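Given only the sequences and the hints, what does the whole structure look like? Please build it.
Residue numbers for the sequence shown follow numbering that gives the first Met the number 0, beginning at 0 and rising by one.
By construction, these hints were calculated from the structure, which means they are not laboratory data. Since the model is a prediction, treat every value here as computed from it, not as a measurement. Idealized CB from N, CA, C, for every residue including glycine. Only true hints are included.
Label-pair distances were calculated between CB atoms; the ranges are:
no. : residue 1 : residue 2 : range
1   : Gly-39    : Gln-97    : 16 to 26 Å
2   : Gln-108   : Gly-60    : 15 to 25 Å
3   : Arg-168   : Asp-104   : 14 to 24 Å
4   : Pro-101   : Arg-64    : 22 to 32 Å
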Amino acid sequence: MLSKVILSALAAVAAVQALPAAEPIPAGVNFEVRDAFPDGLWYGRTYPNGTMTGHQFDDAGVLKRSIVVHPRDDLVSKSKRSSSPSVERRFVSCWGTQLDRPGTDRAAQCLRNAAARAGGIDLRSGAGPYYSSCVDSAVRVYYCINAGNSWGNANLEDVNYGLSQMDSRCPAYTASYFQWDGTPEILGKARADTPICLG
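Dropping the structure here:
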(Lines of atoms letter the chains of each structure in order from A and count residues from 1; the text may use other names and numbers.)
(Lines give C-alpha, C1' and ligand atoms only; values in the text may rest on other atoms or scores of the structure.)
Protein backbone atom coordinates (compact mmCIF):
# COMPACT_ATOMS: atom_id res chain seq x y z
CA MET A 1 0.00 0.00 0.00
CA LEU A 2 2.82 2.42 0.87
CA SER A 3 4.39 1.89 -2.56
CA LYS A 4 1.08 2.96 -4.19
CA VAL A 5 0.99 6.11 -2.05
CA ILE A 6 4.60 6.91 -2.95
CA LEU A 7 3.88 6.18 -6.65
CA SER A 8 1.02 8.65 -6.54
CA ALA A 9 3.23 11.28 -4.89
CA LEU A 10 6.03 10.60 -7.40
CA ALA A 11 3.58 11.03 -10.28
CA ALA A 12 2.65 14.46 -8.94
CA VAL A 13 6.32 15.44 -8.57
CA ALA A 14 7.19 13.98 -12.00
CA ALA A 15 4.45 16.06 -13.60
CA VAL A 16 6.24 19.26 -12.62
CA GLN A 17 9.61 17.74 -13.57
CA ALA A 18 8.77 17.04 -17.22
CA LEU A 19 10.81 19.88 -18.71
CA PRO A 20 13.69 20.46 -21.11
CA ALA A 21 17.21 19.57 -19.97
CA ALA A 22 18.17 23.26 -20.23
CA GLU A 23 16.14 24.00 -17.09
CA PRO A 24 17.37 21.54 -14.43
CA ILE A 25 15.32 22.83 -11.46
CA PRO A 26 11.59 22.26 -12.02
CA ALA A 27 9.10 24.94 -11.06
CA GLY A 28 6.42 24.08 -8.52
CA VAL A 29 8.61 21.99 -6.20
CA ASN A 30 10.50 23.57 -3.32
CA PHE A 31 14.01 22.23 -3.97
CA GLU A 32 16.94 22.61 -1.65
CA VAL A 33 20.20 22.94 -3.64
CA ARG A 34 22.91 20.68 -2.20
CA ASP A 35 26.47 19.67 -3.06
CA ALA A 36 25.72 16.03 -2.26
CA PHE A 37 22.90 13.70 -1.31
CA PRO A 38 22.37 13.25 2.43
CA ASP A 39 22.02 9.70 3.75
CA GLY A 40 18.65 8.02 3.35
CA LEU A 41 16.18 6.59 0.84
CA TRP A 42 15.64 8.81 -2.22
CA TYR A 43 13.44 8.71 -5.31
CA GLY A 44 14.36 10.88 -8.25
CA ARG A 45 15.60 11.58 -11.72
CA THR A 46 18.91 12.28 -13.44
CA TYR A 47 18.73 14.85 -16.24
CA PRO A 48 20.86 14.54 -19.41
CA ASN A 49 23.29 17.19 -18.10
CA GLY A 50 23.89 15.06 -14.97
CA THR A 51 21.81 17.17 -12.58
CA MET A 52 20.04 14.88 -10.10
CA THR A 53 16.85 15.54 -8.19
CA GLY A 54 15.81 13.54 -5.15
CA HIS A 55 12.70 13.27 -3.01
CA GLN A 56 12.20 11.75 0.43
CA PHE A 57 8.82 10.60 1.75
CA ASP A 58 7.56 9.82 5.23
CA ASP A 59 5.99 6.45 6.15
CA ALA A 60 2.59 7.67 4.97
CA GLY A 61 3.99 8.58 1.54
CA VAL A 62 3.89 12.35 2.13
CA LEU A 63 6.73 14.30 0.50
CA LYS A 64 9.15 15.44 3.22
CA ARG A 65 12.02 16.94 1.28
CA SER A 66 13.26 17.59 -2.27
CA ILE A 67 16.84 18.39 -3.26
CA VAL A 68 18.79 19.08 -6.42
CA VAL A 69 22.48 18.26 -6.86
CA HIS A 70 24.45 19.65 -9.80
CA PRO A 71 27.20 17.32 -11.02
CA ARG A 72 30.90 17.80 -11.37
CA ASP A 73 31.79 17.71 -15.08
CA ASP A 74 34.33 14.92 -14.66
CA LEU A 75 31.71 12.63 -13.09
CA VAL A 76 29.19 13.14 -15.92
CA SER A 77 31.73 12.19 -18.60
CA LYS A 78 32.91 9.13 -16.62
CA SER A 79 29.34 8.03 -16.00
CA LYS A 80 28.43 8.30 -19.68
CA ARG A 81 31.59 6.53 -20.80
CA SER A 82 31.19 3.76 -18.27
CA SER A 83 27.52 2.97 -18.78
CA SER A 84 26.55 3.48 -22.40
CA PRO A 85 28.44 0.68 -24.19
CA SER A 86 27.81 -2.00 -21.58
CA VAL A 87 24.08 -1.29 -21.11
CA GLU A 88 23.55 -2.55 -24.66
CA ARG A 89 25.26 -5.86 -23.81
CA ARG A 90 23.00 -6.52 -20.80
CA PHE A 91 25.53 -7.73 -18.28
CA VAL A 92 27.29 -6.69 -15.12
CA SER A 93 29.55 -3.69 -15.65
CA CYS A 94 32.35 -3.00 -13.17
CA TRP A 95 33.33 0.67 -13.04
CA GLY A 96 36.27 0.10 -10.72
CA THR A 97 35.71 3.02 -8.35
CA GLN A 98 36.35 1.92 -4.75
CA LEU A 99 33.43 2.49 -2.39
CA ASP A 100 33.29 2.89 1.38
CA ARG A 101 32.75 -0.64 2.76
CA PRO A 102 30.45 0.11 5.74
CA GLY A 103 28.54 2.68 3.67
CA THR A 104 28.03 0.17 0.85
CA ASP A 105 26.76 -2.47 3.28
CA ARG A 106 24.36 -0.06 4.98
CA ALA A 107 23.09 1.41 1.68
CA ALA A 108 22.51 -2.11 0.30
CA GLN A 109 20.59 -3.05 3.45
CA CYS A 110 18.49 0.13 3.17
CA LEU A 111 17.53 -0.80 -0.43
CA ARG A 112 16.77 -4.37 0.69
CA ASN A 113 14.48 -2.98 3.39
CA ALA A 114 12.64 -0.82 0.84
CA ALA A 115 12.27 -3.78 -1.52
CA ALA A 116 11.02 -6.04 1.29
CA ARG A 117 7.97 -3.83 1.94
CA ALA A 118 4.63 -5.00 0.59
CA GLY A 119 4.66 -4.34 -3.14
CA GLY A 120 8.44 -3.89 -3.32
CA ILE A 121 9.88 -0.85 -5.10
CA ASP A 122 7.47 0.19 -7.85
CA LEU A 123 8.81 2.77 -10.30
CA ARG A 124 7.25 4.47 -13.33
CA SER A 125 9.66 6.60 -15.28
CA GLY A 126 7.50 9.14 -17.08
CA ALA A 127 9.41 11.34 -19.53
CA GLY A 128 12.85 10.06 -18.51
CA PRO A 129 14.68 7.54 -16.31
CA TYR A 130 13.66 7.36 -12.64
CA TYR A 131 15.40 5.77 -9.66
CA SER A 132 15.05 4.72 -6.05
CA SER A 133 18.29 4.76 -4.11
CA CYS A 134 19.77 4.56 -0.66
CA VAL A 135 22.69 6.81 0.21
CA ASP A 136 25.05 6.15 3.11
CA SER A 137 28.53 7.59 3.68
CA ALA A 138 28.73 8.94 0.10
CA VAL A 139 27.74 5.56 -1.41
CA ARG A 140 24.54 5.05 -3.43
CA VAL A 141 22.91 1.65 -3.98
CA TYR A 142 20.08 2.05 -6.46
CA TYR A 143 17.34 0.49 -8.54
CA CYS A 144 16.28 2.42 -11.63
CA ILE A 145 14.17 2.37 -14.73
CA ASN A 146 16.71 3.56 -17.29
CA ALA A 147 14.25 4.62 -20.03
CA GLY A 148 11.31 6.93 -20.41
CA ASN A 149 7.69 5.78 -20.30
CA SER A 150 8.53 2.47 -18.64
CA TRP A 151 7.88 0.81 -15.31
CA GLY A 152 9.33 -1.90 -13.15
CA ASN A 153 9.22 -3.49 -9.73
CA ALA A 154 12.02 -4.81 -7.54
CA ASN A 155 11.33 -7.05 -4.57
CA LEU A 156 13.83 -8.33 -2.02
CA GLU A 157 14.72 -11.34 -4.18
CA ASP A 158 15.46 -9.04 -7.15
CA VAL A 159 17.71 -6.76 -5.09
CA ASN A 160 19.61 -9.71 -3.60
CA TYR A 161 20.02 -11.27 -7.07
CA GLY A 162 21.36 -8.05 -8.63
CA LEU A 163 23.77 -7.46 -5.76
CA SER A 164 25.01 -11.07 -5.91
CA GLN A 165 25.62 -10.76 -9.68
CA MET A 166 27.76 -7.66 -9.14
CA ASP A 167 29.60 -9.21 -6.18
CA SER A 168 30.40 -12.39 -8.13
CA ARG A 169 31.85 -10.54 -11.15
CA CYS A 170 33.43 -7.36 -9.78
CA PRO A 171 36.03 -6.73 -7.06
CA ALA A 172 34.45 -6.28 -3.63
CA TYR A 173 33.11 -2.80 -2.84
CA THR A 174 33.57 -1.30 -6.27
CA ALA A 175 31.05 0.70 -8.30
CA SER A 176 29.14 -1.53 -10.69
CA TYR A 177 25.69 -2.29 -12.03
CA PHE A 178 23.54 -5.16 -13.26
CA GLN A 179 20.80 -4.92 -15.89
CA TRP A 180 18.08 -7.53 -16.34
CA ASP A 181 17.78 -8.96 -19.87
CA GLY A 182 15.21 -7.29 -22.07
CA THR A 183 14.23 -4.58 -19.58
CA PRO A 184 15.34 -1.03 -18.72
CA GLU A 185 15.74 -2.11 -15.05
CA ILE A 186 19.17 -1.57 -13.48
CA LEU A 187 20.47 -2.27 -9.99
CA GLY A 188 23.78 -0.67 -9.10
CA LYS A 189 26.32 0.70 -6.64
CA ALA A 190 28.15 3.99 -7.14
CA ARG A 191 29.53 7.03 -5.40
CA ALA A 192 26.59 9.16 -4.32
CA ASP A 193 27.78 12.09 -6.45
CA THR A 194 27.97 10.03 -9.66
CA PRO A 195 25.07 10.70 -12.05
CA ILE A 196 23.20 7.42 -12.50
CA CYS A 197 20.53 6.24 -14.92
CA LEU A 198 21.26 8.65 -17.75
CA GLY A 199 19.14 6.63 -20.17
